[in-house]
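These are the residues of each chain, in order.
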Amino acid sequence: MRKILLSLIIVVIAITFLGRLSYLQIFSFSTTQVLEDPAIKAIYDYPERGYIYDRNGHLLVGNDPAYDVMVIPREVQPLDTLEFCGLLGIDKEKFVEKLRRARVYSPRLPSVLVPQLSKQDYAKLQEKMRKYKGFYIQKRSLRYYDTPSAANVLGYISEVNEGDLAVNKYYVQGELKGRTGVERFYEDLLRGRKGVQYIQKDRFNRDIGPYKNGTIDTLPEQGKQISITIDKTLQEYGELLMNGKRGGIVAIEPATGEILSMISGPTYDPALLVGRERSKNYTKLYNDTIANPTWDRSIHAQQPPGSPFKTLNALIALQEGALDESTTIQCYHGFYVGKKKRGCHCGGGQRDMNKGIYLSCNAYFAGTFRKIFEKFETTDEAMDVWEKHMKSFGLGDYLGYDLPFGQKGRIPSKEYYDKWYGDNRWSSSYIISNSIGQGEILATPVQLANMTAAIANRGHYFTPHVLKKIEGKDITEPKFTEAKHTTIDPKYFEPVVRGMADVYKKGTAARLQVPGIEIAGKTGTAENFTKIDGVRTQLTDHSVFVAFAPVDNPKIAIAVYIENGYFGSRYAGHIASLMIEKYLKGEISRTDLEKRMLEKTLEAEYAKPYSGEEFKINERVW
Amino acid sequence: MSGRSILKRIDWLSVFIYFALVLIGWINIYSSTFIDEQSSIFDIGTRYGKQLFFIGVSLVAIVIVLALEVNFYERFSSLFYLISMASLLGLFVFGKTIAGATSWYDLGFFNLQPSELAKVATALALAKYLSDIQTDIKRRKDQMYALLIILIPAILIIPQPDPGSALVFFALIFVIFREGLPLFYLAIIFSLILIFVITLKFGPIWLIIGLVLFIILLFGLKRKTLKIPVIPLALVSVAIILFSLSVNFVFNNVFEQRHRDRFSLWLRLEKDPNKLEQIRKTIGYNTYQSEKAIESGGFFGKGFLEGTRTKGDFVPEQDTDYIFSTVGEEWGFIGTGTVIILFTILFLRLISLAERQKNAFARMYGYGVISILLIHYFINIGMVIGILPTIGIPLPFFSYGGSGLLFFTILLFIFLRLDTNRLKESF
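Line order of the protein sequences matches chains A and B.
Sequential numbering of the first sequence, starting at 1, is according to full-length UniProt numbering.
Sequential numbering of the second sequence, starting at 1, is according to full-length UniProt numbering.
Just chain A, same shape as in the assembly (with noise of 0.2 Å):
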């Protein structure tokens, strides 16, 4: 026993020490010490974000330098606070308080005192920063906007928070992350990399020189300058015609895909979120739950297309050989659904494919919708054609597109249907309200455009994108360079293009025709609800215009969809014909429709549903 007793003593102690330094070494280490270590300071050098230019070379967004007041609390010495104060622009309560919670963060890490200083300020203080002991300037690059419009587009940088310094271990607390638009999609490219230096650093906080000689320091990657195919006057131009509305507009160059504008409306100055007033801003925007201007309609309001969706059933019939562009059809001022009546507004009488576009004829589309259907032996079977077709157009489901955000509408399918009625319980006349657009369909304006640059093309479209070039060079991406073909055969659209070309010389759009520019388009007024305490509500019918010009070798494809404007002719025809002209003329003829457009506004129509009395849709003047 007194013999084993030592060597036992030793063993325990030896397997003490084993565990202690295994709890230690083994399951208490974590991998991020680098950053954790006192030892080792990183100083960053941040390369400036790469600038933003239309597809015309405009500066869109550039980069201002600020300047924020530093404190390091530790070194501060006693000083005249009321004059600082006075050149800081502070009370000095808040200065008092300031100062006290940068010493409770750290007393000898800096702390931004003041942050984003104006430039005079920063003169005037610039001289005499040398009095104030333990305060210093540091410059840093605020975003800079050269254009009021495409915040929508641009989107917007911020700090990064928890969430995105626990997914993305590049960013460091207090760096600044693109949030939304082309800030967030392409941020790799903007954003550049930041270049590293570790610093060794002693117990009392001094630097004894490079961690490891430097050999894993490194340089800043300067960020990309990139264009991208917004066009800044036309947008800017769209913003305007916006004045008072709701709704989006996206206009696409058919050859390319490239997006020329897309504005939401209504919407804010990107200005707005930059400098000592964001927060403030980015508030007051974000509480304004009825107007909404941060949620971007141009890529998110999905709601029925209404008539502009014709065109492309009419496109399904021929395809399909349920008729040829001279079979007739009947119209009563309407058209049936089972004893119910719905309503025409073209006139009446005997309708081809011709006058079933550029009259909008109600009866002629539900008839085709109808013989589509007939075309097969099962609904089922027509169901699937017909849901194949219009997904080619790149309607119900995501487009793909390079921002961050979207809907993907809605094309309804099969089971969509035998979910609502019950497994075959259902035929083409429960959902004869889709050959109008109306129904269960639902698209957003981006995709409606894309619709309309797929027929401007005759049968392709590109996918949608606002990437133009990265340093000057062409982005050969694929995704948007290579064309994507609808399943309708280039042939059958000539007959839908001329009924849309004929929409602007004899039809609904008649008024709206810009000399010289031969457009085709297509109007739409589309009904819808709202719930008012529970009750649901029929609003006043939203406006939608689809166009591309010119009618051979088009350049623009334009989907215009203004909330509760009424007929497609008013609102969205005006601003859609308005902005094809200022995009291929470059000036406007038809200063009738612009005087117009710039002025009228439908703050009225919007009120109504909040005003808590009665009140009346769809009122014939304007």
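Just so you know, the hints here were simulated from the structure itself, not pulled from any lab data.
Relax, there's no trap hidden among the hints.
Computed cross-link-like contacts, DSSO-like style, restricted to lysine-lysine with a CA-CA straight-line distance of at most 27 Å: (1) B:K358 with A:K3; (2) B:K275 with B:K201; (3) A:K341 with A:K616; (4) B:K141 with A:K3; (5) A:K3 with B:K138; (6) A:K41 with B:K281; (7) A:K128 with A:K139; (8) A:K124 with A:K92; (9) A:K375 with A:K419; (10) A:K479 with A:K224; (11) B:K424 with A:K3; (12) A:K94 with A:K119; (13) A:K212 with A:K41; (14) A:K194 with A:K468; (15) A:K595 with A:K555.
Here the structure is a predicted model, which means the values were calculated and not measured.
With chain A held as given, fit chain B onto it using these hints.
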């Protein structure tokens, strides 16, 4: 005996581990004190250069220790003891004060620490006394003499002040124990430590309640065959309670705050986690930093000369008492594990060497060597990895310090020299 036969018979395993530990120790001293300036490792102006010089001195000492006649050590052990006690006394007059402790003689080119010499001398003297034919360790009087040999140097060292070094001598009780000191003594020492810890952690009230419950249980389970010695039990209980109360009193009224803080940190007496963290970072600063340094080494370590906390001088005393944290940071668990295993093998090997001695003096001296090395190793590493309170004593063969390395070497090699003669009962 010829030089060749010494080399033949010397225990090469112990010698190998000794050199391994000295080498690893020096590498870490080099790393702890290395500054990026170009300087030769032989530069005596640097700490690592100085330590290398003392490694050389130790090599010379090894040759001398092995060359001397084997009975030299036994014969002159009393004289060594007297000389070393005199040198401890001399400190009160001629001592040089470094960092508040008067523990050194200034010899011009280096400072000699006589307490290191005293460790060797005391181990020799104790072995000599216990192995004397006239000593019977079962006798109370002889037990007292043996204890006195240990106590004298301890008492002389305490006022330097250097309580850590004084504590080391108590480890020699193991030697007496090995030779037949009744288990009773060890039991008392452990009980006192236990009562001390329980009193601090839970307070005397809970100790008394526990004791009362124990006695009730004892009477409750009373068997006919077992007679409870009532009077001794009562006396022991009173003694325990008195000791507990006095511990409480001493802790609160005699101890200084810094002592109290060390214990509250070690036993986690502070309940408020924020305050505890505060104590860890102030009073426990050294241990906190060394734990962090060891932890940051991870499994593989950061590599030689790559320890950022070592370079940044975050751990105080890193080349002396806290040298093990450098091993932890730069060599990781692989390094610390290796050192622990080397020490463990060395200790177990020395025990088996001691046990194979035919000569009683050699055996007892061997136990003395083990006890002294073991307590240094246990307290030092225990402190550096944060499981024992802060007690400043060096890690044998590792820590920077000329006297330490030299006398630890002599301590060990005297035993290895004795071992070469193990087959003879008397020298």
